[in-house]
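Given chain A's structure and the hints, the job is docking chain B onto it.
One line per chain: the protein sequences are A and B, in this order. Taking our numbering as reference, the numbering of the first sequence is continuous, increasing by one, and the terminal residue is 1134. Taking our numbering as reference, the numbering of the second sequence is continuous, increasing by one, and the terminal residue is 700.
Simulated from the structure, these hints should not be mistaken for laboratory data. From a predicted model like this one, the values you see are computed outputs, not experimental measurements. Where is the CB? At the ideal position from N, CA and C, for every residue including glycine. Heads up, a few of these hints could be off.
Pairs of lysine-lysine residues, derived as PhoX-like cross-links and limited to a Cα-Cα distance of at most 25 Å, are as follows [said to hold, decoys possible]:
#, chain 1, residue 1, chain 2, residue 2
1, B, Lys-695, B, Lys-574
2, B, Lys-568, A, Lys-942
3, A, Lys-970, B, Lys-449
4, A, Lys-1031, A, Lys-811
Quick look at which bits of chain B chain A covers, simulated, 3 or more residues with Cβ under 8 Å [to be verified]:
#, stretch
5, 246-253
6, 430-444
7, 461-470
8, 478-489
Next come the chains, spelled out residue by residue.
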Amino acid sequence: MAKSTQKKSSTPGKTNKAEMMEYYRQMLLIRRFEEKAGQLYGMGLIAGFCHLYIGQEAVVTGMKAAIIDGDQMITGYRDHGHMLALGMDAAGVMAELTGRVGGYSRGKGGSMHMFSVEKNFYGGHGIVGAQVPLGTGLAFADQYKDNGKVSLTFFGDGAANQGQVYESFNMAKLWDLPVVFVIENNQYAMGTSIERSSSETHLCRRGASFGIPGEAVDGMDVLAVRDAGVRAVKHARSGKGPTILEMKTYRYRGHSMSDPAKYRTRDEVNEVRQHHDPIDHAKARLLEEGWADEAALKAIDKQVRAIVGDAADFAQGSPEPDASELLTDILAPGSPS
Amino acid sequence: MPTQILMPALSPTMEEGTLTKWLVKEGDTVSPGDVIAEIETDKATMEVEAVEEGVLGKILIPGGSENVSINTVIALILEEGEDASALEGVDISAPVANAILGQAQDEDGGDKAAPASAAPIPASVEGEGAIKSASHAEDPAIPAGTNMVSVTVRDALRDAMAEEMRRDERVFLMGEEVAQYQGAYKVSRGLLDEFGPRRVIDTPITEYGFAGLGVGAAFGGLKPIVEFMTFNFAMQAIDHIINSAAKTRYMSGGQMSCPIVFRGPNAAASRVGAQHSQDYAPWYGHVPGLIVIAPYDAADAKGLLKAAIRDPNPVVFLEHELIYGESFDVPEMDDWVLPIGKARIARKGADVTIVAYSRMVGFALAAADTLAGQGIDAEVIDLRTIRPLDMETVINSVKKTNRLVTAEEAWGCMGIGAEIAAAVTIGAFDYLDAPPARVHQVEAPLAYAGNLEALALPGAEDIVRAAKKVCYRD
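Here chain A stands alone, though its shape is the one from the complex (with noise of 0.2 Å):
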């Protein structure tokens, strides 16, 4: 029987001083790239849709903790973070979205359209849901090839109500596919917040008429997220189908960099920011149970500068793809054209 919880952590997830250092790095890792390249948008350098994952972070750094090599990670526009996540260079990321040939891309792609089969992520999908059935169907590919290999399909709460979603879950269901769906609630949809878009806001129990369980997460606490991660993960691997992970967090920005975000108060979204930001949230446990102390943090926080400022200079000095790139990779190579 499936069942939908809804869980608040109310006590400290267990952890220690190597991961959530990790755990820490990682994110401000993630912050500090979206800063810059909301920066380099601003200069002009960065063009066209760009969604910042500010806020976020938690969600992809504790499913990312969850997972083991192999497994795939798939999402939206909003993907800059799960690249850095799945370690996915920095600098190849923010070239892509200067339109440069140094990007994962080669510029071909852009913010919402990079790809690493090395790294198994497989976009970076700009068509909102599109990303489901695709997910979907990489844990068929993992069941087909009986590999134990687990698709995290990410999806926002706007995404959350399209059609194909639903018949993604069924089929899921249907055959017990390998996947976790992360309904990453950061509860707008663009400028429509979720009490205007949906009539059960609670996203974690969509899944109660195919038979999938739900479970509503924390998505400011890493642990909160890695931890219900590793449930559902676990439930996969093992055979027995999908879960919904609904993650509750938040953008700090707009939709995309052109959005003013006139929908929500400064009051709503500061409240955020000072009460359950995801990096002073690590930060405190990480001081509290004396694992770090100011000065080692600032060493992180030095060293993630220095990674975004080497991938904006390459960003910047990366060419534009040649001409030639026009023409390319439309067909695999040797295909008639």
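Chain B alone, transformed into the frame defined by chain A:
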């Protein structure tokens, strides 16, 4: 007066069927709703129920009879109070003669012999069965002396999938009714038995979902064949065909591969109305990153489907329900694979080039026969692949004939004929002795009424008219 039981039409495209067996015998009493016989149609084995009460007086078509035309009298039921003497002198009329027991009819036999009033066959289907393209035996890819076997397009497609599934463990088939039902049009008949439910997968009715799932599985290293019950339903899935399958290689700078085949019947069937009758060749032909194939005969269907399954790109493979049941020669070879992107000269000619694809090739060949009788020697080109278009073959032909007619089942506006006419005008302007002519469906949703449907769909006569026009013989 005994009641006649007629061979029923049990599908939109059925013209004849096999009376597999009788489940009652002469002298049995039957009531409405009793199952009295089994009939195998072009799609499935169906049970036939009695609609009248009475005693089965005489079975006229025994069990096991093949090629029984619809509306043939297959048995007589005696009404209350009648006995066997009532059977004497009953006129069971001509159609019975069409049922040739236990053997195939000759190619242009039964349909034409049937009384026009008896068979509700749309005009557009009549007389089409006999048209055959130039033999593949001339194909240089076929070693001399290769045996040619007559195979239906339906079985050629099935054989292609089976051979590729034997060859490559990563290939699987998914779609609605492909497994236990053996395919809505029997194209996947027998595949579940051979390959099992892991590789032949019945999906829910969820085109958007399973098309996306198939693309994801292709990203994940498999080689899916996704069957759409018809391409009309693929409109629900077109986002994944275009945005996910066709564009991802480019968007990933060549890193991602999407080796997938989307296949199923395309274009008009027979009297199924506007929503089930559209030719999507121009839609998919528009999209860089896709390969689009639309074969006509069985040899091409087999050789190109095998090539499509092996291709590392997303392929849209457009079949045609109305030619599934037609038989053509297929070379008996271990591995008959054709190159994608090559048109075929289906008939050589000198006076006018007729370019067609899919079912229109049959009409083009019929038109060429008619034109030959009027002193016009037409060359017929079967495009076979819509994207990439083999314009070299078309332009070389036009340089020889100096005249172009295009024939497609789709609407003309922004169509395949428009593209070919433009390319020929650009590439062989100085060779044209007349403006190109386009034959296509009239610009209206396809009507249900038999006469309007026949008026809307292009056929051999339209091609003849167009060819005469470009030869200034109209």
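Hint check results:
For the suggested pair B:Lys-695 and B:Lys-574, the alpha carbons sit about 20 Å apart, so the restraint of at most 25 Å is met. Annotation: proposed proximity of B:Lys-568 to A:Lys-942 is violated, straight-line Cα distance about 35 Å (limit 25 Å). Restraint check for A:Lys-970 and B:Lys-449: satisfied, since their Cα atoms lie roughly 22 Å apart, inside the 25 Å limit. Between A:Lys-1031 and A:Lys-811 the alpha-carbon distance is near 18 Å, which keeps this suggested pair within the 25 Å criterion.
Under the rule that three or more residues need a Cβ within less than 8 Å of chain A, the assignment of the stretch 246-253 of chain B is violated, with 0 such residues. Judged by the Cβ-Cβ criterion of 8 Å, the stretch 430-444 of chain B is covered by chain A as claimed, because 13 of its residues qualify and three suffice. Restraint check on the stretch 461-470 of chain B versus chain A: 4 residues with Cβ-Cβ distances below 8 Å, three needed, restraint holds. As drawn, the stretch 478-489 of chain B meets chain A at 6 residues by the rule of a beta-carbon pair under 8 Å; at three or more, the given contact holds.
Violated hints, in rising order: 2 and 5; the structure is consistent with all others.
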